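**Student:** Read off the chains here:
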Amino acid sequence: MVENRPFLKILTHAVLILGVLFLCFPVWMALVASTHPGDALVRSPIPMWFGDQAVENYTTLLSGGVAEAGGVPVLRMMWNSLLMALGITFGKIAVSLLAAYAIVYFRFPFRMGFFWLIFITLMLPIEVRILPTYDIVTNLGMLNSYWGLTVPLIASATATFLFRQFFLTIPDELVEAARIDRAGPIRFFFDILLPLSRTNIAALFIILFIFGWNQYLWPFIITTDVDLYTVVMGIQRMVNIGEGLPIWHLTMGTAILALIPPVVVVLAMQRLFVKGLVESEK
Amino acid sequence: MQKRVVFRSWWLPYLLVLPQIAVTLVFFIWPAYQALETSFYIEDAFGFSRNFVGLENFRALFNDPGYLRSFWTTLVFGVSVTFLSMSIALALAVCANRVIRSATTYRTFLIWPYAVAPALAGVIWFFMMNPSLGIIAYWLESLFGYDWNHYVNGREALIMVIIAAAWKQISYNFLFFLAGMQSIPKSMIEAAAIDGASPTRRFWTIVFPLLSPTTFFLLVVNLVYAFFDTFAIIHATTSGGPADATSILVYRVYSTGFVGQDYGSSAAQSVILMGIVIVMTVIQFRYVERRVNY
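Protein chains in written order, with UniProt numbering: chain Y, 1 to 282; chain L, 1 to 294.
Hints listed in this document are in silico derivations from the structure and should not be mistaken for laboratory results.
Owing to the predicted nature of the structure, the values given are computational and were not obtained by experimental measurement.
A hint or two may mislead.
Stated by the list, open to error - Result set (BS3-like, lysine-lysine): computed pairs, CA atoms no more than 30 Å apart in a straight line:
| id | chain 1 | residue 1 | chain 2 | residue 2 |
| --- | --- | --- | --- | --- |
| 1 | Y | Lys275 | Y | Lys9 |
| 2 | L | Lys3 | Y | Lys275 |
| 3 | Y | Lys9 | L | Lys3 |
| 4 | L | Lys186 | Y | Lys9 |
Build out the structure end to end from the sequences listed, making use of the hints.
**Tutor:** What follows is the structure, given as structure tokens:
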């Protein structure tokens, strides 16, 4: 920095450490709670250090689930979450790549009309139009299916804009060269555009995976079959039932299991994640 | 806007936009239209017939003290979440921008909550503040003699969901503030330091004004987050209670439609919310366009 001020330096680190503690403490408590037997968590003060029931608790959760909350194994719910998250992510990326390609590389009637139609989706979050969307999915017979979980969420204005923005920066000479070599639009897309978009796709993948994994309202509404429950949504049943029963250790265990996959993705691919976040939101 | 050199085909571009447009029409535009239409009707209890009532649903909403209170709750909730998460994130970003060594370590520890689902953030804070066993309720009791109980006290329930929602959003704001600060030229800050400006003064006269585009962008994004994405926090913990104290507008759309089965009123609420999102998106985009030029 510009000058040497020891007091300021200490203050800086103090603020950062406090911030880290504030952000980590809740998850620490959840982690600790998930390693104790249920009856250790019925009255204050609850333990702040790990107990010895970690293996038992997590085995119960992964294989058998919480009997009082429908007995769906958490592993099953995590599998559903994974399928939903991947379905949404791949769907959004594929659909947006194609749409952005058409809008940037072709001239056709209603081009801008389509562009605005995609833009409008930004203004209609699922929470706002939940009831009519539910009706439509019911009429299409997509309740309680993986299709119903993913397809209605795969339109994406942000992803389309991001790819459009990126395509616009690709030099025209590439298209000219491709055309001289008699490569058609499909060939150009697969052999040139797609490899060039690799980093953008990867960065977007992280953001969309987190978005997909963390869906709550949609799976809650359209799945009544417990075999299709996703983990982020399934935990809500444990909370409601857990009011009277001592199952907080299992609820917190489920919370930990539910947050591990997206957090690992963020931490393992930090650089790409930051790129994806900052660029896709602009 | 478009390439100088393009491909020529009369059918291929339509085929390419088809999937996106189909999903948009079926699952976005059509339901939005349905909501708009339903908002002008009142359906009988069994759904056999419905009568056109014009703006009656809207009039009923604005005469309903419960709905008006929800507006107020949403505003308090949104502004608190935005202010809390943005100010903490700004303080952290300022500090993280100052440290040279261990900056990456701090960043790693500060960004991961972005990945935690709002529902999980809600459930974990719900656990920590639980009146009978939560650690925070215990501290409040033993250190200050304060009897925390969000099951009966609506204000405390609202505070709990505000903290949970803000906690989750800090990482996001932190990353954007940090990116914004790193794009401020170092030479400006050094020049001010040579002129004898203290770090506090440098922050308020140089860094903060230059961050204003980021701040404004985050303001809109955070309000949108607080108004819409926090449904899960409310639903998984307080369910809008006690006595409607945490029933924000998006929660009300759901509870009126799915729990109360009052489709006309729920649709009218949807339409009002769409109006709010449209206004916010327009503000955001007008401003983004301005930023590109400057």
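**Student:** All hints, please: hold or fail.
**Tutor:** A quick look at each hint next to the structure:
1. Pair hint Lys275/Y plus Lys9/Y holds up; C-alpha atoms about 29 Å apart against a cutoff of 30 Å.
2. Restraint check for Lys3/L and Lys275/Y: the C-alpha separation of about 25 Å stays at or below 30 Å, so the hint holds.
3. Restraint check: the Cα-Cα separation between Lys9/Y and Lys3/L comes to about 51 Å, which exceeds 30 Å; the hinted pair is violated.
4. Restraint check for Lys186/L and Lys9/Y: satisfied, since their Cα atoms lie roughly 18 Å apart, inside the 30 Å limit.
Hint 3 from the earlier list is the only one contradicted by this structure; the remaining hints agree with it.
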